[in-house]
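From first to last, the protein sequence lines stand for chains P and F. So the first sequence is numbered by our numbering: it starts at 1 and just counts up by one. So the second sequence is numbered by our numbering: it starts at 1 and just counts up by one.
In short, the hints are calculated from the structure, not lab data. By construction, the Cβ of each residue, glycine as well, lies at the ideal position given by its N, Cα and C atoms. Among the clues, some could well be false.
What the hints assert, rightly or not - Reference listing, derived: stretches of chain P covered by chain F, where coverage requires no fewer than 3 residues with Cβ under 8 Å from a Cβ of chain F:
(1) 15 to 22
(2) 31 to 37
(3) 70 to 80
What the hints assert, rightly or not - Reference excerpt, derived from the structure (chain P facing chain F, CB under 8 Å, subset only):
(4) Leu46
(5) Gly47
(6) Ala93
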Amino acid sequence: MMRDLLVLVAVAAGMYAMRAAFLVVARPEPPAPLARVLPHVGPAVLGAIVVPALLAPHGAVTLAGTVPALLAAAGAWVLWHRFRSLPIALFGALALALLTTELFR
Amino acid sequence: MRAPAFARLASDRSPFRRALADSATVIVAYLPFGLTLGATLASTRLPAGVAWASSPLLFNGAAQLVAVTLLDGGAGAFLVVAATLVATARMLLYSASLAPYAAEWPRRWRWLGAYLLSDPVYALAIGRFGGPGGGGGARERRVYYLTVGATLFVAWQVLTGAGVLLAGVLPQWLPVDLAAALTLLLLLLPMLTGRAAYAAAAAGGAVALAVTALPLGLGLLVGAAAGITAGVAAEAWRRAPRTDPPEGVRDA
Numbered sequence: 001m002m003r004d005l006l007v008l009v010a011v012a013a014g015m016y017a018m019r020a021a022f023l024v025v026a027r028p029e030p031p032a033p034l035a036r037v038l039p040h041v042g043p044a045v046l047g048a049i050v051v052p053a054l055l056a057p058h059g060a061v062t063l064a065g066t067v068p069a070l071l072a073a074a075g076a077w078v079l080w081h082r083f084r085s086l087p088i089a090l091f092g093a094l095a096l097a098l099l100t101t102e103l104f105r
Numbered sequence: 001m002r003a004p005a006f007a008r009l010a011s012d013r014s015p016f017r018r019a020l021a022d023s024a025t026v027i028v029a030y031l032p033f034g035l036t037l038g039a040t041l042a043s044t045r046l047p048a049g050v051a052w053a054s055s056p057l058l059f060n061g062a063a064q065l066v067a068v069t070l071l072d073g074g075a076g077a078f079l080v081v082a083a084t085l086v087a088t089a090r091m092l093l094y095s096a097s098l099a100p101y102a103a104e105w106p107r108r109w110r111w112l113g114a115y116l117l118s119d120p121v122y123a124l125a126i127g128r129f130g131g132p133g134g135g136g137g138a139r140e141r142r143v144y145y146l147t148v149g150a151t152l153f154v155a156w157q158v159l160t161g162a163g164v165l166l167a168g169v170l171p172q173w174l175p176v177d178l179a180a181a182l183t184l185l186l187l188l189l190p191m192l193t194g195r196a197a198y199a200a201a202a203a204g205g206a207v208a209l210a211v212t213a214l215p216l217g218l219g220l221l222v223g224a225a226a227g228i229t230a231g232v233a234a235e236a237w238r239r240a241p242r243t244d245p246p247e248g249v250r251d252a
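Bound-form chain P, shown alone (with noise of 0.2 Å):
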């Protein structure tokens, strides 16, 4: 038990390390390649981060679980660009995932 939360404890301290390496030596005017580079970190991540969850839920393209997710992401898509809402986008795509997700069972 001691030993499963030590580790957790050297992991969380390699995650603090990565989280502050460079927002505390922040400066206002990052150097110029950098500068060029950090407005392109948020767009590429959550890409990275959504594209694959919506088209392979479960680590494989399914239509099970495939075509519901893209009619959710379709569907908060639209709901956003129309409402300019989180809660709305969100809670309607979900619906709409729940839905589909019966009818590709």
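Start from chain P and add chain F according to the hints.
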């Protein structure tokens, strides 16, 4: 007729209230994921208290899953630490991306802010700081970031704790993975403000999908690197004609 409380909070200019409103939506969206993660933690051979302690220590669902699953399987300490750090190396990118917006904060708040950095906190913060107005001045950005971080941190402890206690009675139809993915999609959409952003997101997603079989979440890192490269290339392509105009045009 008065607007609903949630809408009033969301339209408020106060960064504190705005942060609470934005956090509330994310908390509801993460409800199924947090509960199910807690139940998963409770199903391992680790004592429930130790498994749950990964929530305040790591504050990252993916990291918790990797670390606790490996510990449950009897993996060595070095492997657990290395695998979890590789799986969450994107925190380095988040830290670099947020740094310019936090440069004027007192150092103690930056130390604390680093502890609260996670996927939804980053997505909310960068969406606001990178948008019109830049999220206000340094103080407004600090209040917004720390309020979002603290609120989501507390909520995560409660959700995963409830999941540990409710293990075995949660309904199977909860759309656990999809809710988290849709939330991040909706946090991504406001960032898509130009061709470079679309290129970064599309390339990042396509490459991450192509290499999804890589272990330890490396596919995400490879995808992110490809996306950043595509974004930089698209931006350079967009700027190229302006930075190097033909002689005749300059002299005209």
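Verification of the supplied hints:
Counting residues of the segment 15 to 22 of chain P whose C-beta lies closer than 8 Å to any C-beta of chain F gives 7; at least three are required, and the coverage claim holds. Coverage of the segment 31 to 37 of chain P by chain F holds [criterion: at least 3 residues with CB-CB distance below 8 Å; count 4]. Figure legend: the segment 70 to 80 of chain P, annotated as covered by chain F; annotation consistent (5 residues with Cβ-Cβ distances under 8 Å, at least 3 required). The interface hint given for leucine 46 of chain P is met, as the beta carbon of that residue sits about 4 Å from the closest beta carbon of chain F, less than 8 Å.
The restraint placing glycine 47 of chain P at the interface with chain F holds, with a minimum CB-CB distance near 3 Å, inside the 8 Å limit. With 8 Å as the threshold, the beta carbon of alanine 93 of chain P comes within range of chain F, its nearest partner Cβ sitting at about 5 Å, so the hint holds.
When the structure is compared with the earlier hints, no violation turns up for any of them.
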